[in-house]
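If you read the sequences in order, they're chains F and S. Be aware that the first sequence starts at 1, since it is given in the numbering used here, and climbs by one per residue. Be aware that the second sequence starts at 1, since it is given in the numbering used here, and climbs by one per residue.
Mixed in with the good hints, there may be bad ones.
In silico DSS-like pairs for lysine-lysine, Cα to Cα no more than 30 Å straight-line [unchecked claim]: (1) F/172 - S/249; (2) F/62 - F/83; (3) S/374 - F/141; (4) S/249 - S/234; (5) S/249 - F/74.
It is worth saying that the hints were derived from the structure and are not from the lab.
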Amino acid sequence: MLEAALSTDALEPGRRDFLVVAGNAFAAIGAASLLWPFIQQMNPDASTMALSSVEVDLAPVKEGQALTVMWRGKPIFIRNRTKSEVEAAENVNVKTLPDDLARNENLPQDDLATDANRTIKGHENWIVLIGICTHLGCIPKGQAFGDERGEFGGWFCPCHGSQYDTSGRIRKGPAPRNLEVPPYAFMTDSKIKIG
Amino acid sequence: MGGHTSNYVPTSRWGKWMDERLPIARMMKNQFIDYPTPRNLNYLWTFGGILTLILVGQIATGVVLAMHYQPSATAAFDSIEQIRRDVNYGWMLRDFHSVGASMFFLAVFIHIFRGMYYGSYKAPREVLWILGVLIMLLMMATAFMGYTLPWGQMSFWGVTVITNLFSALDTIYNGLGTAIVEWLWGGYAVSGVTLNRFFSLHYLLPFILTAVVGLHIWALHIAGQNNPTGLDLKEPSDTVPMHPYATSKDAVGIFAFLLIYAWFVFFVPDYLGHADNYIEANPLVTPPHIVPEWYFLPFYAILRAFTSSFLGIPLGQYAKLCGVIAMFSAVIIIAFAPWLDTSRIRSAKYRPIFKWFFWFFVFTCVALGYLGSKPAEGVYVFAAQIFTVCYFLFFLAVMPIVGLIETPRRMPRSITEAVLGEGGGGLPSGAAAAPEKR
Chain F
1 MLEAALSTDA
11 LEPGRRDFLV
21 VAGNAFAAIG
31 AASLLWPFIQ
41 QMNPDASTMA
51 LSSVEVDLAP
61 VKEGQALTVM
71 WRGKPIFIRN
81 RTKSEVEAAE
91 NVNVKTLPDD
101 LARNENLPQD
111 DLATDANRTI
121 KGHENWIVLI
131 GICTHLGCIP
141 KGQAFGDERG
151 EFGGWFCPCH
161 GSQYDTSGRI
171 RKGPAPRNLE
181 VPPYAFMTDS
191 KIKIG
Chain S
1 MGGHTSNYVP
11 TSRWGKWMDE
21 RLPIARMMKN
31 QFIDYPTPRN
41 LNYLWTFGGI
51 LTLILVGQIA
61 TGVVLAMHYQ
71 PSATAAFDSI
81 EQIRRDVNYG
91 WMLRDFHSVG
101 ASMFFLAVFI
111 HIFRGMYYGS
121 YKAPREVLWI
131 LGVLIMLLMM
141 ATAFMGYTLP
151 WGQMSFWGVT
161 VITNLFSALD
171 TIYNGLGTAI
181 VEWLWGGYAV
191 SGVTLNRFFS
201 LHYLLPFILT
211 AVVGLHIWAL
221 HIAGQNNPTG
231 LDLKEPSDTV
241 PMHPYATSKD
251 AVGIFAFLLI
261 YAWFVFFVPD
271 YLGHADNYIE
281 ANPLVTPPHI
291 VPEWYFLPFY
301 AILRAFTSSF
311 LGIPLGQYAK
321 LCGVIAMFSA
331 VIIIAFAPWL
341 DTSRIRSAKY
351 RPIFKWFFWF
361 FVFTCVALGY
371 LGSKPAEGVY
381 VFAAQIFTVC
391 YFLFFLAVMP
401 IVGLIETPRR
411 MPRSITEAVL
421 GEGGGGLPSG
431 AAAAPEKR
């Protein structure tokens with residue numbers, strides 16, 4: 001009798017099979033969904049994510065000088081570029097660049113990496129960048145007086161030799177992308193707000 | 001565990017009572033006293049024991065160091081100095097732990113090269129070999145996170161560079177890499193939050209490592225040990241009991257190794273480290289020349305060999321991704337050795353061509369290590385690219401092809417013949433105790 005019952009069971013799934021499958025599936029999904037808190041706890045929390053913004057007074061930064069400030073734990077490179085530096089940045093054919101996108105958080109993602117798209121209109125002498133090499137996250141040299149600035153007069157990353165031009169665009173070396181331009185705006189002619 | 005029939009006889013009432021409930025004494029006697037080991041094992045086979053000892057030592061020193069260490073961005077650097085200067089015997093315990101990491105890798109590299117030379121990865125030891133590669137990966141992760149803890153400049157920038165490797169995934173799917181990196185960091189840059197979680201994982205991983213080592217030893221005792229001839233065990237005279245034969249040989253190896261270890265700890269504890277790590281972490285200043293610990297240098301050289309071009313092939317924005325893939329592949333490919341090697345002969349002793357390629361492979365690894373310590377520019381990059389190619393060709397070309405074209409040397413019929421010469425057999429002259437009959 002037992003054998004007969006088992007064989008019909010195997011041929012025709014009954015109510016019990018349905019309950020077993022549904023119950024197990026429910027428990028498995030429940031257990032798997034418990035993983036999420038364990039993964040999510042490692043992401044930046046709300047206090048870290050709260051967009052802190054910094055205001056920077058640019059008045060003391062003379063032409064040719066640079067200033068580094070911190071924003072969200074990252075160094076921000078600000079440089080008051082000389083006329084020749086601006087010209088050098090403008091006279092580059094965007095198509096010849098390793099990365100031809102502007103990487104400017106104030107502009108749409110697919111804008112090209114012209115110097116105009118990397119700066120703010122009317123303040124072309126100012127370049128504001130996140131000072132983190134896009135290769136492996138080192139801080140490039142070129143902010144301090146007397147620093148090595150590489151072949152293109154911008155920034156030079158000492159870790160693996162990436163070279164950026166005066167617009168912060170990657171020109172040579174292993175870095176894949178241009179230095180990023182953070183979201184910022186001019187409050188007055190000599191004051192910016194980052195973030 | 002496999003091997004042989006048990007001849008454990010409990011002698012006391014308590015022993016008998018226990019044997020019927022949890023036969024742990026029986027297991028220990030079968031697997032670590034009576035266990036038949038090949039009679040021809042050389043000193044390269046003592047590194048398994050050496051590695052086990054270092055693992056236990058690292059956990060012991062690590063647990064007590066954690067009693068004094070403070071895993072926070074403000075206190076970590078000072079607490080290490082306090083351990084070295086103020087804590088009783090802290091100077092010694094800390095150096096045993098930090099030098100221990102180097103010794104661990106030194107021993108594991110010798111252990112792996114031993115396996116490659118004598119073909120220990122071949123059937124029936126494939127799973128044993130893969131578990132070994134997994135152990136090395138876990139060791140690398142543990143050592144990397146441990147190096148973060150002193151929170152010096154090299155710690156900070158080492159973490160920055162290595163965690164940023166994952167951002168290479170941005171070239172596959174925009175934003176994916178950045179999301180992973182920020183998840184690892186718990187912020188937008190490496191910070192005290194990162195240090196804290198790395199401390200937690202650095203404490204956890206060695207216990208997972210211990211579990212995998214347990215599986216590694218289990219798998220070893222199923223297949224039995226390989227030996228310098230690479231021959232299977234065929235007759236009782238091929239083996240001697242593990243104790244006292246293999247254990248006393250292990251003891252000699254362990255003491256010799258401890259001499260070297262202790263010399264580093266007591267005379268040059270910082271020789272294998274970097275002076276930059278005695279400068280507290282500063283997120284605004286990158287040291288001019290970031291180098292990982294010596295044991296990561298060959299892999300670091302492979303990572304950096306992929307600049308905007310590789311041996312004339314332009315890589316463009318994929319340079320970083322290629323470097324990252326190559327570096328991880330360099331470790332993973334080792335696990336495939338059992339299937340890449342087409343030769344039926346295990347030991348390189350009887351493989352005249354493979355033997356030369358093996359030593360060239362050792363040279364390749366040392367050369368990559370040297371290049372990893374040099375700045376990534378000029379001729380160093382070119383040399384690193386050449387040796388990166390050599391590294392992968394050893395696995396992808398030498399292992400499959402040499403096995404097919406090589407004529408092996410004449411091999412002895414058994415381990416006994418290899419030791420005693422043709423017509424030999426029976427007992428070794430010094431073995432009056434007839435160990436295999438005990």
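Verification of the supplied hints:
no. : hint          : in the structure
1   : F/172 - S/249 : 56 Å, violated
2   : F/62 - F/83   : 13 Å, holds
3   : S/374 - F/141 : 19 Å, holds
4   : S/249 - S/234 : 23 Å, holds
5   : S/249 - F/74  : 55 Å, violated
The structure shown violates the earlier hints numbered 1, 5.
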